[in-house]
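All chains, full assembly: derive it from the sequences and hints.
Those protein sequence lines, which keep their order, are chains A and Z. The numbering used here numbers the first residue of the first sequence as 175 and each following residue consecutively. The numbering used here numbers the first residue of the second sequence as 39 and each following residue consecutively.
Since the hints were derived computationally from the structure, they do not count as laboratory data. Please read all numbers here as calculations on a predicted model, not as lab measurements. Each hint should be verified, as a subset may be incorrect.
[As the list claims (entries may be wrong)] Sample of chain A residues facing chain Z (criterion: CB under 8 Å; computed from the structure): (1) Arg335; (2) Arg343; (3) Ser393; (4) Gly443.
All residues carry an ideal CB built from backbone N, CA and C; glycine is no exception.
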Amino acid sequence: MTDVAAGAGAAQRKEINAAVARSYWRAAASIVLALVIYEGVARSGEFPVALMPTIPTVAATFYDMLLDGSMIKHTVFTLYRVLFGFSLAMVVGIPIGILMARFRPVENFMLPLVSALMPIPSFALVPLFMLWFGIGNLTTIIIVFYAATFPMMFNTWSGVRSVNPLWLRAAGAMGADEQKLFWKVIIPGASPFIITGVRQSFIRAWIAVVGAEMIAASSWGLGWVIFDAKEFLNADIMLSSLVVIGMIGFLFERLVFGSIERATILKWGMVRTARN
Amino acid sequence: MQEIEVTDVSLVYDTPAGQVHAVDHASFELKASEFLCLVGPSGCGKSTLLNILAGFLKPSGGEIKIGGKPVNGQGMDRGVVFQDFAQLFPWRTALGNVTFGLEMKGVPKEEREQIALEQLKLVKLEKFANAYPHHLSGGMQQRVAIARALAYNPSVLLMDEPFAALDALTRDDMQRLLAEVWRETRKTVIYVTHNVAEAVYLADRVVVMSPHPGRVKKEVVIDLPRPRDPLSVAFLEYQKQLLQELGEATAKPSARQ
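In structure tokens form, the structure reads like this:
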């Protein structure tokens, strides 16, 4: 019985690796296909070349923007804003979520607020926050923070509430005090939800930062450069920025959060993978 | 002196339909290193009684003493094993689960891992020390749970139908293993089950409980040499006797007439 279980573990791992490789190939194939279709439409002459530049034109513009450093500066500005607001959201959202789950009065106070504020798209608040906080980093960071905090809070709250009571009993029977119970059982027990919260928060933060930059940023940022480019019909600049926005989003989603998940909740078998 | 004294323990719940006597004036005693099975139909309060012994529930009346000291809440003098496989911490390896109690006690890392490895050896899982629970079968997970409850060296082991969710063959293996573990560790064990054959196989003494209200109906001493043969005549006699007691316990008074 025991040897079979060990063998199954290794075979399973090999199978998962093969499945991952296959999924990368499939992803690459569909992206290439989409690019080919785009190129075909751009070259068909149906649309003005200035509005729908071909891929080589976009690539040349992208290369120029990389060389003169402007694309890097835009990216750094956007990353600074998103990471600042997102980190703030974690620092505030996770502890409040935990407090909500642990203490009734906090829950009673926060829940109506969360329910009322969460459905408001962060973008709708940009003009108001501009009046309050002016144009620049502060407003964009606050918008990002607003967008990212609630999913963080909400998921942490659900996660702490869903910790298996049996774990608490078992840990209590083994002499865990309140503090140990919290750090050694509740936090790891809630981790599937907390990690989901971090992921959702980042996606919302990333969407929010680009939107907020379009209106509330001055001179720098990937969202700002897209909005600014419309004045001169620079579709190639817009598309170059979009590529960077897409790539960074993908990088965080797959590489950063994907590897956090693989090192924790996937390894612990605390989430079912959709793969099987 | 008795190791465990359960005296007149009651637990009454208030429900909209009135009071429910989950446990009604239950009394029994255990000597050190004795293996006691609590047997009864569902609703007889055997699991409730175990939860009171573990300190998860407060009795509404009566007293429990372990080693002469009154029980007040949870304590490291008792190890607990539950029925549900999910009792293990999925974020810790088998070894990490077994070291948990020692970690709470403040035992240094190297020492507690050494002790935990010995406990895993006792349940024949030393090869799987670094496996996470979701890679282990149900039977293996329950063995880890037993090792975990023994690791910090409690004098009493409380077990709530630990093998009830396993298939019959695995359950037989587990019972044999537990009998071995008990022979080697000499813990005082209170074991809740509704399986009569399991009780006769494992116990020195069986306490039969009856439901509504949950009462101690009868105590039966199992006077058989170990290891026990489940197919021997004497074994089957005990089984028959317990089934009869249980039948009477389950039957409604009106149905008996």
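These are the hints, each one checked on the structure:
This hint is violated: A/Arg335 has a C-beta 16 Å from the nearest C-beta of chain Z, more than the 8 Å allowed. For A/Arg343, the interface hint holds, since its Cβ comes within 8 Å of a Cβ in chain Z; the closest pair sits about 6 Å apart. Taking 8 Å as the C-beta contact cut-off toward chain Z, the hint placing A/Ser393 at the interface is violated, the least distance being around 46 Å. Because the beta carbon of A/Gly443 sits about 3 Å from the nearest beta carbon in chain Z, less than 8 Å, this interface hint is met.
Hints 1 and 3, counting from the list given before, are not met by this structure.
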